[in-house]
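Undergrad: Here's the letter readout for the chains.
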Amino acid sequence: MSENERDLAEESDVTYPFFYVIRHAGRGHRGLLVGAVLASVLTSINSALSIFVIGVGFDSVFSSQPLNVPLVPSAWVPTTTEGQLWFVGGFLLVTGVLGILVSISGNYCWEVFGQRVLDDIRVQTFDSAQHQELAFFDTHQTGDVMSALNDDVNTLEHSIAKSTRWAIGTTVDLLSVLAFMLYMNWQLTTVVFLLVPVLAAINVHFSRALSELYPPIQRAAGQLNARMEATLGGMDVVKANAAEASERERFTARSDTLRAKGWAGARKQIQQAPLVQGVTGVVLVVVMVLGGVWVIDGPPLFFTGALTAGQLVSFLFYMRQLEGPAEFLSALVGIYQRANASAARIVGVRNADNRVAEDTDAEPVERVDGDVEYDDVSFSYPGTDERVIDSVSFHVEPGETVGIVGSTGAGKSTLIKLLLRFYEPDSGTIRLDGRDITELSRQDLRAAVGYVDQESFLFDGTVAENIAYGKREAERSEASKASGEGGASERRPASEEGVGQEELVAAATEAGADEFVEDLDDGYDTHVGQRGVKLSGGQRQRVAIARALVRDPSVLVFDEATSHVDNETEVLIRRNLDELTADRTTFVIAHRLSTVRDADRILVMDDGEIVEEGTHEDLLTEDGTYADLWKVQVGDVDELPDEFLERVGGGD
Amino acid sequence: MNASENPLVKLLREYARPEATNFGLGLLALILARIPQRAPAFVIGVAFDAVLLSDRAYSLPLVPSEWIPEGQLAQLWLTAGILAAAFLAQNGLDWLSSWFQTRGSVAMSHDLRTDAYDAATDLRMSYYDDSQSGDAMSIVHNDTDNFGGIVGAIYNATSHVSEVLVTFALMAVLNWQLTLVLVTFPVFVVLASRVYARMLGPRHEAVRETVGELNARLEDSLNGVRTVKAFTREKFERDRVADTSEKYRKKNWETIRLRLGFDLITWMSNSIYSKIIFLLGGYWVIAGPPGPFTVPFTAGALLTFMLYAREFLNPVKNLAVDTIDAYEDALASGKRIDGLLSHPERRVDPDEGDDLEVTEGRIEFDDVTFTYEGVEEPTIENVSFTAEPGELVGVVGSTGAGKSTLVKLLFRFYEPDSGAIRIDGQNVRDVSLRSLRRQLGYVSQDPQLFDGTIAENIAYATEDRFDTDEPAEEIVRAATLAGAHEFIVQLPEGYATEVGERGVKLSGGQRQRVAIARALLRDPNILVLDEATSHVDNETEVHIQRSLESMAGERTTFAIAHRLSTVVDADRILVVDDGTVAAEGTHEDLLERDGLYADLWKVQVGDIESVSEEFVEVSR
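Taken in order, these protein sequences are the chains called E and Y. Every letter in the first sequence is one number past the one before it in the working numbering, and letter 363, counting from 1, is 363. Numbers given in the working numbering equal positions in the second sequence, counted from 1, plus 652.
It should be emphasised that the hints constitute simulated quantities derived from the structure, not laboratory data. Think of the CB as a built atom: it goes at the ideal place given N, C-alpha and C, for glycine as much as any other residue. Heads up, a few of these hints could be off.
[Said to hold, decoys possible] From chain E, some residues computed to sit far from chain Y (all C-beta separations above 10 Å):
| id | residue |
| --- | --- |
| 1 | 62 |
| 2 | 86 |
| 3 | 611 |
[What the hints assert, rightly or not] Output of the computed footprint for chain E on chain Y, the stretches with three or more beta carbons under 8 Å from beta carbons of chain E:
| id | segment |
| --- | --- |
| 4 | 746-759 |
| 5 | 1099-1110 |
[As the list claims (entries may be wrong)] Think about it this way: if two alpha-carbon atoms lie no more than 30 Å apart in a straight line, the pair counts; the simulated DSSO-like pairs of lysine-lysine are:
| id | chain 1 | residue 1 | chain 2 | residue 2 |
| --- | --- | --- | --- | --- |
| 6 | Y | 902 | E | 162 |
| 7 | Y | 662 | E | 261 |
| 8 | E | 261 | Y | 987 |
| 9 | E | 162 | Y | 1060 |
| 10 | Y | 902 | Y | 662 |
| 11 | Y | 902 | Y | 887 |
| 12 | Y | 887 | E | 534 |
| 13 | E | 534 | E | 631 |
| 14 | Y | 899 | E | 534 |
| 15 | Y | 899 | Y | 887 |
| 16 | Y | 662 | E | 534 |
Required output: the full structure, derived from the provided sequences and hints.
TA: Right, here's the structure in full:
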């Protein structure tokens, strides 16, 4: 499937994914966002105002000019120098404290907004992902989806809680500083604001140059890590070939490349800060000189109007405030691009959400007998032309055990996934008890068909929880659901979520698991670990079978369930199988022919078609594909006909 | 070596020393740069007084007064000149400092990384069996990078400390009494920051834990998506994820709340302090020294104080929170790196000992016993057998019986507790590791291919680099012998086909055959297949069996097999049970004996009913 893998971002068809995500997830938290933005605006204005007042205060207190504070009626303003000092100091103190309170509550709003929105995004995106039909997971690796939920959501967390706040904050900062400076002296302001495009140009130059220097660094780091992962992961090969020395050489060479590229990038990058600060310094000096001459001798050059010493002080303070925003705004493009890329992948997961409509109009099913019929069924995987299942028809009576065998890629598993409606056939009909399965709800269908797959995946939790997992939601008793978290400690652990202890034990016993579970230290309360690692392969398999049995299905499917277990476990499982399958329709898909030897009927698949059908003995007598595969199974390679060898000759 | 020595110091002594010149010059430039950095605010204040307000004479510390020109405009130009020079000096020095620092860091990381990798490849196989290979990877990858952070932390600390010191020194020149009042501020911020950092620690830990939990939850649910669907439990999974996500959000919120509180306190105190400067200083300027104070104060000096006041908070906060964090981070990484570099499991010199000389390929296990570390029962107990030159020996047995351990002992991945393993009469313990492993061919269950072409992979074990466009004869010969040549030539680019990372572009069976060709290239007299057919389909097994046959006779071959069909034709089959060789003979011999082998065979052919009861009992 590797050619079919698609980047998640390609699934997104939104032009501005970042804003799309914010708009959708932020809908319920609009009040917070408004409050946050308002606070940012107030904070900026307040800080610009206080610098203005410092300037005015300087003039009036030290140069004895009349004190004139905006928004404050002149009647309130004292006239003595000392009074003015206290007034200005008090004014600054009050606005300073108020400003900090506003700013902190603004940050509070931003953070709450960010956290809530992200929580929503995470849960919704996960939900979209798990509702995808299986075809989605064929074209996108689980790791990819995982990284969208993890890395991309984190990137967004940063983008929303920090970058957006800074972007809005610095923009408002710039604007309010600009407004106050214009109000004081628009001519000197133009000189100061010449700084902004120059700084922006420098920063843009650096981000361009660095964006060319960084990819080689990342590539070099990637190659270094790939080599390291391959060799440390395949240590047995390295050691068995005594290749440590040559691996070391290779690693050192790659590390050296990384060092060279890293140094090239760093050399460029370390010039940025000194240059930006140097330019700011130069403009500061220019403003000083211009302003100084202006204050002493009146307007220099082509300038007009008056400038006071206090105003010059304000200008000096304002200029220090411009440095940060200029740097940030030039980085903003990069930040936005990263956020957008992450958002696109998240939208990708959600967009591709071709969630199947809940089958509300489906007729409920009570109990099925297990009569399964495939009628001329064909199927190709989405996006491919090759028919994986090609006009397959067969009929299975209730209670029959059917083995399905064939080479890798013959379509065995796909055939059975159609029965569970993991995929929908392109043409043809599959019937359960004579009813088209597309007329049944998935809930009912999958409740009737117990499915045990190759990996027998167990969830992190106790054995009991894992077995109870199979119970239908509808059949769980409401009473125990209501008991909720509160009674968790006293709750009988084995009666997980409304599934009775007896039911669990019954299913486990039937699956041949009860014996070993009772022997575990904590019995049914034993934690199985991630993916069930704390159990052996055979034990996992039996728990997975118990999980399928707890809903008492009429049809049982074993999808290569014995492929990865050892000989002893296979014996155990197969001995149990006889009892389990007695009154259930059972499909056993097997890689090893030994597993299906006793089946009532064996279907031999090749290239999407059923090529042979019959019991083990029938098929051996027929001396066709099955007979050939059997010879491999018993190690009788010399007896194989030439066509078989030729067919497999070119490899897989 | 002192065991309790700080690993950071130890590593720095070893790895920073070669770069001492770079680091030293960098630090010097960094400290020097702080003086011009703090000069402008000082000069601006002086100029403000002298030029604009004409309150006091223009005078600068360390500058003789006759150098200072008369007249406001001239003084203004002088100020501008000093400012421009200060900016130039500061930024030039800062740039120099980063240049030296980065140069040293990059080189140090490289040295550390390659040494850590060396150590990782040196570790004996047992390290990789016990711990995940991911551990070593993360040390070589993340920790060596992280360790570089210590240099950054030292530089930051130096920069912040000297910045604050220079600032206070200059303020003291202007008004030492007011400066004394202000010294309380950084002290307060440092204390507040330490309290904050200490409160943050456990909260951070909780967040990390819930992040781990959240990721585990997501991974669990996504990996089991087939199971989720088969049981239509999507709603249940959604609720589980929502619960964990909510928990994460709450924990995260606790750290955010704490940070908001810390910000509130520090901003507030900073704001109040700067207002105190303004009020107290302003009063001082207008009405003369208040209360106990005695020295004079001017408006320009007040301006300088106010400019400085805006720049206290961040360096001090940075020093007390971020820099200490970076130090602790680097310390943790340093411990892990040091642990790897001085790991006791680092191997003996591969060239130590005589060269192994294989003449015939006779392998002898003589009363070998082996126990894994930390396990009580021996995994291999008194095993003796001899494989004659050219024989195909099959080794079968249940999972955990000790089949693979036999091979690991032969390769000296582990050393036996007692007994001897001999190849053509030479004890493997006495020969050099390199010569031993170079004479044995090895194919594992899930063989790792490395990124590169097929030809490169086959030639992996040789020192020579083969031209991949024209595969060397030996490569083709090995591939043919391994049954791989046929499929390789059918690939669009033949031997030059890239196999992708871990060989993903090839099928399992193809990978297996390339791995066999790799083992055969050096034409070893002894070949070991360790469960090489466990994960392949029937067709691939046919191929491997056929290549086994075609190789037979020329070399001694060990085939450890899970599937009995692979070894049906072996000259001899060893049945391993519970660490001992329970039976030995040909397929027919063993079937006749009707023991463990016969039971295993019955499973192989699906004859479950007639399997003996003891066999089933074992695995319950």
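Undergrad: Look at each hint and say if it fits the structure.
TA: Evaluation of the provided hints:
no. : hint             : in the structure
1   : 62               : violated, 4 Å
2   : 86               : violated, 7 Å
3   : 611              : holds, 15 Å
4   : 746-759          : holds (count 8)
5   : 1099-1110        : holds (count 4)
6   : 902(Y) / 162(E)  : holds, 18 Å
7   : 662(Y) / 261(E)  : holds, 28 Å
8   : 261(E) / 987(Y)  : holds, 28 Å
9   : 162(E) / 1060(Y) : violated, 54 Å
10  : 902(Y) / 662(Y)  : violated, 40 Å
11  : 902(Y) / 887(Y)  : holds, 22 Å
12  : 887(Y) / 534(E)  : holds, 27 Å
13  : 534(E) / 631(E)  : violated, 37 Å
14  : 899(Y) / 534(E)  : holds, 26 Å
15  : 899(Y) / 887(Y)  : holds, 18 Å
16  : 662(Y) / 534(E)  : violated, 39 Å
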